[in-house]
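Sequences are here, hints too, so could you generate the full structure?
The chain contents come next:
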Amino acid sequence: MKLIETKHLIAWAAFLLVLALMPMFVSNGTLRIFIFANFLAVFAISWDVLSGRTGYISFGHPFLIGIGVYATAIMSKRFGVPVEYSIPLAVLVTMLGSVLVFLPALRVKGSYFALVTLAFMELAYQLVQVIRPDLTGGTRGIFGIKTITRGAENGYYMSMCLMFGIAFVSWLVMRTQLGTALSALGMQEESVEGSGKSTTKLKLAAFLMSAFIAGLGGAFYAHYVGAIAPRTLFDINFLFTIIVAVLIGGSGTIIGPIIGAFFLTFLLEFLRPYLPGAGRYFIYGGIALLLYMYQPKGIYSIVDKLIKRWRGGAV
Amino acid sequence: MTQIIIQGMLLSGLYALIAIGFTLIFSVGRVLNLAYGAYLMIGGYVYFYISQQLGLPKGVGLVMAAGVGCLAGLLKYRFIAKPLKGNHVAIEISTLILAIVIQSGIILMFGESTKILHSLVPGIIRLEGVTAPWSNILATGLSWVLIVAVFLFVRHTHTGRAMLAVSQDPKGAAICGINAEWINMVTWGISGLLGGVAGVFFASYTQLSPFMWVGPLIVTVAIVVVGGIGSILGTLVVAHIIGFLEIIVVSYIAPELRGIFTMLLIILFLIFRPRGLFGREELT
Numbered sequence: 001m002k003l004i005e006t007k008h009l010i011a012w013a014a015f016l017l018v019l020a021l022m023p024m025f026v027s028n029g030t031l032r033i034f035i036f037a038n039f040l041a042v043f044a045i046s047w048d049v050l051s052g053r054t055g056y057i058s059f060g061h062p063f064l065i066g067i068g069v070y071a072t073a074i075m076s077k078r079f080g081v082p083v084e085y086s087i088p089l090a091v092l093v094t095m096l097g098s099v100l101v102f103l104p105a106l107r108v109k110g111s112y113f114a115l116v117t118l119a120f121m122e123l124a125y126q127l128v129q130v131i132r133p134d135l136t137g138g139t140r141g142i143f144g145i146k147t148i149t150r151g152a153e154n155g156y157y158m159s160m161c162l163m164f165g166i167a168f169v170s171w172l173v174m175r176t177q178l179g180t181a182l183s184a185l186g187m188q189e190e191s192v193e194g195s196g197k198s199t200t201k202l203k204l205a206a207f208l209m210s211a212f213i214a215g216l217g218g219a220f221y222a223h224y225v226g227a228i229a230p231r232t233l234f235d236i237n238f239l240f241t242i243i244v245a246v247l248i249g250g251s252g253t254i255i256g257p258i259i260g261a262f263f264l265t266f267l268l269e270f271l272r273p274y275l276p277g278a279g280r281y282f283i284y285g286g287i288a289l290l291l292y293m294y295q296p297k298g299i300y301s302i303v304d305k306l307i308k309r310w311r312g313g314a315v
Numbered sequence: 001m002t003q004i005i006i007q008g009m010l011l012s013g014l015y016a017l018i019a020i021g022f023t024l025i026f027s028v029g030r031v032l033n034l035a036y037g038a039y040l041m042i043g044g045y046v047y048f049y050i051s052q053q054l055g056l057p058k059g060v061g062l063v064m065a066a067g068v069g070c071l072a073g074l075l076k077y078r079f080i081a082k083p084l085k086g087n088h089v090a091i092e093i094s095t096l097i098l099a100i101v102i103q104s105g106i107i108l109m110f111g112e113s114t115k116i117l118h119s120l121v122p123g124i125i126r127l128e129g130v131t132a133p134w135s136n137i138l139a140t141g142l143s144w145v146l147i148v149a150v151f152l153f154v155r156h157t158h159t160g161r162a163m164l165a166v167s168q169d170p171k172g173a174a175i176c177g178i179n180a181e182w183i184n185m186v187t188w189g190i191s192g193l194l195g196g197v198a199g200v201f202f203a204s205y206t207q208l209s210p211f212m213w214v215g216p217l218i219v220t221v222a223i224v225v226v227g228g229i230g231s232i233l234g235t236l237v238v239a240h241i242i243g244f245l246e247i248i249v250v251s252y253i254a255p256e257l258r259g260i261f262t263m264l265l266i267i268l269f270l271i272f273r274p275r276g277l278f279g280r281e282e283l284t
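First to last, the sequence lines map onto chains A and B.
Counting in this note's numbering, the final residue of the first sequence is number 315, and the numbers go up one at a time with none missing.
Counting in this note's numbering, the final residue of the second sequence is number 284, and the numbers go up one at a time with none missing.
Keep in mind that the hints were calculated from the coordinates and are not lab data.
Predicted, not measured: the structure shown is a model, and the values here were computed from it.
Among the hints, a few may not be true.
To be verified - Derived DSBU-like pairs: lysine-lysine, alpha-carbon spacing no greater than 30 Å straight-line:
id: 1; chain 1: A; residue 1: K77; chain 2: A; residue 2: K146
id: 2; chain 1: A; residue 1: K109; chain 2: B; residue 2: K58
id: 3; chain 1: A; residue 1: K197; chain 2: A; residue 2: K109
id: 4; chain 1: B; residue 1: K85; chain 2: A; residue 2: K109
id: 5; chain 1: B; residue 1: K82; chain 2: B; residue 2: K171
id: 6; chain 1: B; residue 1: K58; chain 2: A; residue 2: K297
id: 7; chain 1: A; residue 1: K297; chain 2: B; residue 2: K82
Rendered as structure tokens:
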């Protein structure tokens, strides 16, 4: 089987070229929106690898991302660890942290799993403020974390590379037997077990991979914005944005979460002149809810159908 | 010591009050309604609008809060729970989205700032050197009355028993001539009503803010998880465990650690004893 069709390869190359030339045409403000969309896409992919595929809905994803963010921030700010080491270490710490969330997944499913992860997120929020505030910065968070990029243009390239790198690797992994098995896990766990695969190992793989992406995204994010605060991180609104990005884009795919993240970030910016405050989430959430209720497979499936129809094939 | 007992009783009463509606929908409707916290918020804001912005009597505010809460429950059933029938994960996610929509709707209408709610019954009382607001004492009493009422309703009325039947075996219930649709609607309506009423008391205990729904949601989740699905009296017991635990932590350890044991309880119970203290044996 060919890895990718030549036709698609050319399309992708052209698309990437457009993205690479983007900073020449648009303002720095627009580039910053792209950067946030990229980070959101990374977090959305991370959520999708775990929840979109295996059906174990994680309501505690900010917990994983937060571990990565705090680990690298504390290492580089408080102990002066160079970024080259602190980011990989932060990813490792996040993966260790995911094992903690993995334990309940062995016992409970469905709503109960979602609740346990939600509890993890709130627990992290409260603990971070009281345990060693000299390290975590308590309620105020950490400021002045070393940034790795200067200016919007660099940030744009960095985040684009990060996002497409992660997307590409995830895409490769999901094409393997592992990816198929994970999707099967989401459909019917008993059958996967019946086919002789260890569901425990599969779940662990999904958790570790999701945590790897979350930690990497979180660590880079910390070194991009340079300041973190517990309330913006371990927040149900942040969780909402991640989940909605995946669902709107289309869960169980790689491209879906990316579409969703870009759609939502740009929608939010588009609404800014009309509704400056948090009121924007009213429309944003409303669209998300309607789309989710009536097209649970997201924009990806709508586009997919349109393309098929356009080609004249039977839908 | 007396202080801890009084404060513990009052907080537990409040927690029991906010948990009843959630228990009902979770144990009977079998649905994890993440927008439950938003009922509380709706109740609080409706009361605020009627009694403080329009200046109508407080009783009207309370009744309206209950009414709007009930309406919210019914609408949520009609437009979310019913179309997504049986798909629990989808209901959870859509109620989460809905909660955020309600939160931002409230920000649009009332602004982001916190508001102080004048409580239903003003004034405080001194008991053994402890000051306790009358409103909290009322909430505690009300919570007991409501829990007993809900318990009796579920056990001894036709509609209540039909609710149990639908939760245990929808097909069997249908064969017995129970209209599951109607029963579900009643359940969602009552749950919303209880949430609206509880919201008035909760908001006068804390403050009115568009972000006030997350905290009580987590507390109710803890109460229901630890108490066990399908156990109404378990709700009452665990509300007291959690309420007292919080007060003890605040008085003896550190106020910042207040919620930590609640989270730990959720996590530990879901890992080691998912059926809770009094729940039926089941894992879904």
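Against the structure, the hints:
1. A:K77 / A:K146: 7 Å, holds
2. A:K109 / B:K58: 44 Å, violated
3. A:K197 / A:K109: Holds, at roughly 18 Å.
4. B:K85 / A:K109: 19 Å, holds
5. B:K82 / B:K171: Satisfied, since the Cα-Cα distance of roughly 16 Å is no more than 30 Å.
6. B:K58 / A:K297: 47 Å, violated
7. A:K297 / B:K82: Roughly 19 Å between the alpha carbons, so the hint for K297 (chain A) and K82 (chain B) holds.
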